[in-house]
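Line by line, the protein sequences give chains A and B.
The first sequence runs 372 to 693 under this note's numbering.
The second sequence runs 372 to 693 under this note's numbering.
By construction, these hints were calculated from the structure, which means they are not laboratory data.
Be aware that one or more of the hints could be misleading.
[As the list claims (entries may be wrong)] With the Cβ distance kept under 7 Å, some of the chain A side facing chain B (calculated, not the full set):
| no. | residue |
| --- | --- |
| 1 | Met372 |
| 2 | Arg410 |
| 3 | Gly439 |
| 4 | Pro441 |
| 5 | Lys619 |
| 6 | Tyr629 |
| 7 | Ser638 |
| 8 | Thr639 |
| 9 | Leu643 |
| 10 | Ser644 |
For clarity, every value in this text was computed on a predicted model and none was experimentally measured.
Where is the CB? At the ideal position from N, CA and C, for every residue including glycine.
Residues per chain are reported as follows:
Protein chains: 2
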Amino acid sequence: MKALVLQQLHHPLVLQETAQPRPARGEALVRLKAAALNRRDWWITQGQYSQIQLPVILGSDGAGEYQGKPVVLYPAGAWGNDPRVQGKDFRILGLPENGTFAEWIVVRKQHVVPKPGHLSWEQAAALPLAGLTAYRVLFSRCRLRPGERVLITGIGGGVALMTLQFALAAGAEVYVTSGSEVKIQKALEIGAKGGANYREADWGNRLKAQSGNFDVVIDSAGGDGFAALMGLCNPAARIGVYGGTLGKINGLSPQILYWKQLSILGSTMGTLSEFKRMLGFVCQHRIVPAVDAVFPLAEGNEAMQRLAGSEQFGKVVLKIDE
Amino acid sequence: MKALVLQQLHHPLVLQETAQPRPARGEALVRLKAAALNRRDWWITQGQYSQIQLPVILGSDGAGEYQGKPVVLYPAGAWGNDPRVQGKDFRILGLPENGTFAEWIVVRKQHVVPKPGHLSWEQAAALPLAGLTAYRVLFSRCRLRPGERVLITGIGGGVALMTLQFALAAGAEVYVTSGSEVKIQKALEIGAKGGANYREADWGNRLKAQSGNFDVVIDSAGGDGFAALMGLCNPAARIGVYGGTLGKINGLSPQILYWKQLSILGSTMGTLSEFKRMLGFVCQHRIVPAVDAVFPLAEGNEAMQRLAGSEQFGKVVLKIDE
Numbered sequence: 372m373k374a375l376v377l378q379q380l381h382h383p384l385v386l387q388e389t390a391q392p393r394p395a396r397g398e399a400l401v402r403l404k405a406a407a408l409n410r411r412d413w414w415i416t417q418g419q420y421s422q423i424q425l426p427v428i429l430g431s432d433g434a435g436e437y438q439g440k441p442v443v444l445y446p447a448g449a450w451g452n453d454p455r456v457q458g459k460d461f462r463i464l465g466l467p468e469n470g471t472f473a474e475w476i477v478v479r480k481q482h483v484v485p486k487p488g489h490l491s492w493e494q495a496a497a498l499p500l501a502g503l504t505a506y507r508v509l510f511s512r513c514r515l516r517p518g519e520r521v522l523i524t525g526i527g528g529g530v531a532l533m534t535l536q537f538a539l540a541a542g543a544e545v546y547v548t549s550g551s552e553v554k555i556q557k558a559l560e561i562g563a564k565g566g567a568n569y570r571e572a573d574w575g576n577r578l579k580a581q582s583g584n585f586d587v588v589i590d591s592a593g594g595d596g597f598a599a600l601m602g603l604c605n606p607a608a609r610i611g612v613y614g615g616t617l618g619k620i621n622g623l624s625p626q627i628l629y630w631k632q633l634s635i636l637g638s639t640m641g642t643l644s645e646f647k648r649m650l651g652f653v654c655q656h657r658i659v660p661a662v663d664a665v666f667p668l669a670e671g672n673e674a675m676q677r678l679a680g681s682e683q684f685g686k687v688v689l690k691i692d693e
Numbered sequence: 372m373k374a375l376v377l378q379q380l381h382h383p384l385v386l387q388e389t390a391q392p393r394p395a396r397g398e399a400l401v402r403l404k405a406a407a408l409n410r411r412d413w414w415i416t417q418g419q420y421s422q423i424q425l426p427v428i429l430g431s432d433g434a435g436e437y438q439g440k441p442v443v444l445y446p447a448g449a450w451g452n453d454p455r456v457q458g459k460d461f462r463i464l465g466l467p468e469n470g471t472f473a474e475w476i477v478v479r480k481q482h483v484v485p486k487p488g489h490l491s492w493e494q495a496a497a498l499p500l501a502g503l504t505a506y507r508v509l510f511s512r513c514r515l516r517p518g519e520r521v522l523i524t525g526i527g528g529g530v531a532l533m534t535l536q537f538a539l540a541a542g543a544e545v546y547v548t549s550g551s552e553v554k555i556q557k558a559l560e561i562g563a564k565g566g567a568n569y570r571e572a573d574w575g576n577r578l579k580a581q582s583g584n585f586d587v588v589i590d591s592a593g594g595d596g597f598a599a600l601m602g603l604c605n606p607a608a609r610i611g612v613y614g615g616t617l618g619k620i621n622g623l624s625p626q627i628l629y630w631k632q633l634s635i636l637g638s639t640m641g642t643l644s645e646f647k648r649m650l651g652f653v654c655q656h657r658i659v660p661a662v663d664a665v666f667p668l669a670e671g672n673e674a675m676q677r678l679a680g681s682e683q684f685g686k687v688v689l690k691i692d693e
């Protein structure tokens, strides 16, 4: 079969013929139709990940056919027995096991789940990792209620956009931040009620003037801007954190934390049960993930460059033809 | 009636004859037998509180008689309708309304609750504010489960000690920190399994060596030591924050937060319903609050000095004789 293989760090992926994997007992052999990229894939190519084993086929997101039926894949493995947190054997698809940037993949049978009928292969492949992460942080962790006001920072990334779409579908009023006016504009077109450019000094006050304070904040940046988010919170607000691209958080006031009875809730990925509930939610509300660009498998390196540039709005997808 | 009155900031309280308060409709006139001090009372005398109105009778904790029956008082007022957080009209007993450092007090009838039968007046007066704060942060917010391992920082203060006693009664394994070896020793006598002196550089590692990591951490310090607490957390741990004596929190890693799926949960005081559940828990487990020292009402200023010195282990109580 054809696969995009990472042979050496800091080198392009190589499209090559590799042996078709063979399922063991309890495993499913899935014919992939589309895969999606995640920032994790880029980090691995740059060596920014622990315990990298080469060669490896990257890719955590996939949609395809299993026994003639359209399916999507749970993007992780071995969550463990505690729904509150992943266990020690937890891993994400596409390292150390081979991932979805290939014509075929072997995964555990339970991780093969029916594809939402209203989505194309490319849209379905855009869903798993971002959708699962968004669903858990927004609903399981922050327990969003209809009518609440939500702030999503750094709109444009896959998870942030899914969070926007899920929050809107759940009946929330959503605001966004971004360093790009274009991305804010696109978020407004999707249904966000307002936004602010965090490169402008008074972004916090401008947002507050538009919206009042927030009941739920979803952040993946951390860094020095995080403390300001607490000032934008209503009493009893929840701040969900699923990333930390800007590094450590400083200047957090314990007084604001306890007096407003705030909750700061770390979240990553999600369980198989959350994955299935997420797919049900997507079907119920006919949510279509935002796809930024589609590349053929043979142009995987161009797709990786698109991701690396942080210019994308939505998921970067690989189409896998026969 | 006799009352300890704060007439001027930065001046001693004055024991004086004042008019006995008269209950309006829906209010109860309670004959106080004992009151307890809280750090809040000291802060108010030092002007470290907003909207101070003088003269005022301080005191949030009281036990006494109402219609011939022994009672304790809910230490706050007007929580509001949302159990998740106090509303805008929320206030703590003893400013702006007159508090418990007096022979009589008027409070709302619903806030008068039967006194646990196994406690003396002084022990019962030691319970309300500290017990309520401890109960909410430990059970409502951090949802402590039997068998979990708990770390309580800054043992010795009223809330920290109540948290220790409640966690032990709930079947947890409890460890403490303090800057005082004497306080750690006393905590061990109460039932803590281990402790570390945070003035020693390697306190975190020493604690880890004793105990392994923690499922619940209860902190009232914040400051630069807070980030190290996250490193001592098990996956899915909850960190309850009810104070911030050491100021702002710095150097918090979002990666640890989301990868361990931690929850940082601000908490203050508690609802009337939590107060009643706390009293039930205290009765069920026959918990006796630690009383550091008892002073007669006339020696209220000596009691305040005891509090100001941070030497106390448990509550400083005023006995109010007829």
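Q. Which of the stated hints cannot be reconciled with the structure, identified by number in ascending sequence?
A. 1, 2, 3, 4, 9, 10
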